[in-house]
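*Asks:* The residues making up each chain are set out below.
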Amino acid sequence: MGMNYSPRGISAEERERIVRGFETWLDRALEDEPAPQGLTTELLTALRNGDTVPPLEAVQPGDGGSDLYSLWSATIALTQEVRIQGRTFKQLNETLLNETLPQIALSLEASATVAASRSAEDAPPEQGSPRTQQPRKQEIDILLDLRDRIERGGNTVRTAAEELPSKRLPRLARWLGVGRTYGRHTQVVLAALSQGYSLALDSLDEALLACRVSRVAAEGRIFDPQRMTAIDIEETESVPEGTVVEVYRNGFEWNNEVYRTAPVKVARAAK
Amino acid sequence: MSESGNPLNDLIIGIDLGTTNSEVAAFVDSKVTILSSGTKNMVPSVVGLSSAGDLLVGEAARNQLMLYPERSVRSIKRKMGSNETVSLGDCQFTPQEISALILRELASWASRQPGIWRRRSSYSHGLRSWRWHIRCVHLCARG
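Each protein sequence line maps, in turn, to chains A and B.
Quick note: the first sequence uses my numbering, first residue -13, plus one each step.
Quick note: the second sequence uses my numbering, first residue 18, plus one each step.
To be clear, the hints were calculated from the coordinates, so they are not data collected in a lab.
Bear in mind the structure is a predicted one, so any value in this text is a computation, not a measurement.
Misleading hints may appear alongside valid ones.
30 Å max Cα-Cα, derived BS3-like pairs, lysine-lysine [stated by the list, open to error]:
(1) Lys257(A) x Lys123(A)
(2) Lys251(A) x Lys48(B)
(3) Lys251(A) x Lys57(B)
(4) Lys57(B) x Lys94(B)
(5) Lys123(A) x Lys96(B)
(6) Lys76(A) x Lys48(B)
(7) Lys48(B) x Lys94(B)
(8) Lys96(B) x Lys57(B)
Okay, the calculated beta carbon distance ranges per label pair [what the hints assert, rightly or not]:
(9) Ser99(B) x Leu94(A): 50 to 60 Å
(10) Phe44(B) x Arg207(A): 26 to 36 Å
(11) Gly72(A) x Lys57(B): 15 to 25 Å
(12) Phe44(B) x Glu205(A): 22 to 32 Å
(13) Asn241(A) x Ile51(B): 48 to 58 Å
(14) Glu205(A) x Ser68(B): 14 to 24 Å
(15) Gln109(B) x Asp188(A): 48 to 58 Å
(16) Arg122(A) x Val49(B): 38 to 48 Å
(17) Gly55(B) x Gln173(A): 30 to 40 Å
(18) Ile51(B) x Asp127(A): 53 to 63 Å
(19) Ala96(A) x Val49(B): 38 to 48 Å
(20) Gln181(A) x Gly106(B): 29 to 39 Å
(21) Asp218(A) x Arg129(B): 50 to 60 Å
(22) Ile51(B) x Gln124(A): 53 to 63 Å
Here a beta-carbon is modelled for each residue, glycine too, at the ideal position from N, C-alpha and C.
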């Protein structure tokens, strides 16, 4: 190491001595090793004795060996086979990467979603957990639709009860002299109906509040475009401009976000 | 083109600026998703000023359209490409500026979506010339 072995620095005698030493070492090393298989006895003897190596003779097909032509044919066939296998492997790799793996990923994702939803359904509801108490939008819509119907029914009954005294009684009731009794009975029925509607409405409001749905207070307030929709205008000076004078349908908030705006009539100064 | 080099992995935001309503969608991982804000997935193409002077875009502006028509602008797409201006309260605005407010609202929807960020955006509408198209994009980006 660190020495300069320039071929120009070695003399011919020195070179000859090194080569002879290497040959002696090689002969000594090969003595212990078994002879390589496939070589003829003549060739091996000639190699051991240092005689002239006999010329190689072509082995005829059918003699148990193979000729050079067969060897090259087999090599070429093997090369083609390796090339075809390589192409097939590349195609398989691309198919796996571009098609199969994304499909597997999608399937796994879908399975995970289904498993998560099932485990959420099977798990016992936690106390005070907002996620387990979170209703779906369809359920909220059903509850709100039911509330609208009940409210309309209650309003109709109340209007009917208010208009009853001014209405003319049926002719038969008047002829039989039971007009007053008939009117009183009708008023009792209407009052009971109104109370029934109010109770149902209160119960629904409680259910909606439990679902974090709250009513937007609109009547008598200043118009808020985020929570209300102006669908009618009343020109009046009795209330300040922009005040809601009538609510056509209640608006609602869900989780402190506007879920449904309230269609309202708003006061505006007369021009 | 995305960093991975696969165009299908690139995120594209598409905005439909409509005469009545506008929408925004994202193309992510070979899937198109209509973006939403809360329970709403489209913005009414209306811009307005509230009685308190606040700028309203979308549903809130549409809610007050009947009450304060002088402080609300709608169907602005019909005036795109013209030199006509619209008044909003005491101020005058070009149709492109009003459209930019709607586009900015839609862009804010996209930026609020989890896992979606702005890499590339495109929007479609019946503009009269490419000159206006470029100007609108500039306004959108500036807003």
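*Asks:* For every hint, state whether the structure bears it out.
*Replies:* To see whether the hints hold, each was checked on the structure:
1. Lys257(A) x Lys123(A): With a Cα-Cα distance of about 43 Å, the restraint between lysine 257(A) and lysine 123(A) is violated, given a limit of 30 Å.
2. Lys251(A) x Lys48(B): Measuring from Cα to Cα gives roughly 44 Å; hence the hint is violated.
3. Lys251(A) x Lys57(B): With a Cα-Cα distance of about 24 Å, the restraint between lysine 251(A) and lysine 57(B) holds, given a limit of 30 Å.
4. Lys57(B) x Lys94(B): Holds. Lysine 57(B) to lysine 94(B) sits at ~21 Å (cutoff 30 Å).
5. Lys123(A) x Lys96(B): 38 Å, violated
6. Lys76(A) x Lys48(B): With Cα atoms ~27 Å apart, lysine 76(A) and lysine 48(B) stay inside 30 Å; holds.
7. Lys48(B) x Lys94(B): Within the cut-off at roughly 28 Å; holds.
8. Lys96(B) x Lys57(B): 26 Å, holds
9. Ser99(B) x Leu94(A): 50 to 60 Å: 54 Å, holds
10. Phe44(B) x Arg207(A): 26 to 36 Å: 44 Å, violated
11. Gly72(A) x Lys57(B): 15 to 25 Å: 55 Å, violated
12. Phe44(B) x Glu205(A): 22 to 32 Å: Between phenylalanine 44(B) and glutamate 205(A), where Cβ atoms are some 46 Å apart, the hint is violated.
13. Asn241(A) x Ile51(B): 48 to 58 Å: 22 Å, violated
14. Glu205(A) x Ser68(B): 14 to 24 Å: 18 Å, holds
15. Gln109(B) x Asp188(A): 48 to 58 Å: 52 Å, holds
16. Arg122(A) x Val49(B): 38 to 48 Å: At 24 Å between Cβs, range violated.
17. Gly55(B) x Gln173(A): 30 to 40 Å: Violated, since glycine 55(B) and glutamine 173(A) (Cβ atoms, about 46 Å apart) do not stay within the stated range.
18. Ile51(B) x Asp127(A): 53 to 63 Å: At roughly 20 Å between Cβ atoms, aspartate 127(A) and isoleucine 51(B) fall outside 53 to 63 Å, so the hint is violated.
19. Ala96(A) x Val49(B): 38 to 48 Å: This hint is violated: roughly 19 Å between Cβ atoms.
20. Gln181(A) x Gly106(B): 29 to 39 Å: 50 Å, violated
21. Asp218(A) x Arg129(B): 50 to 60 Å: 34 Å, violated
22. Ile51(B) x Gln124(A): 53 to 63 Å: 19 Å, violated
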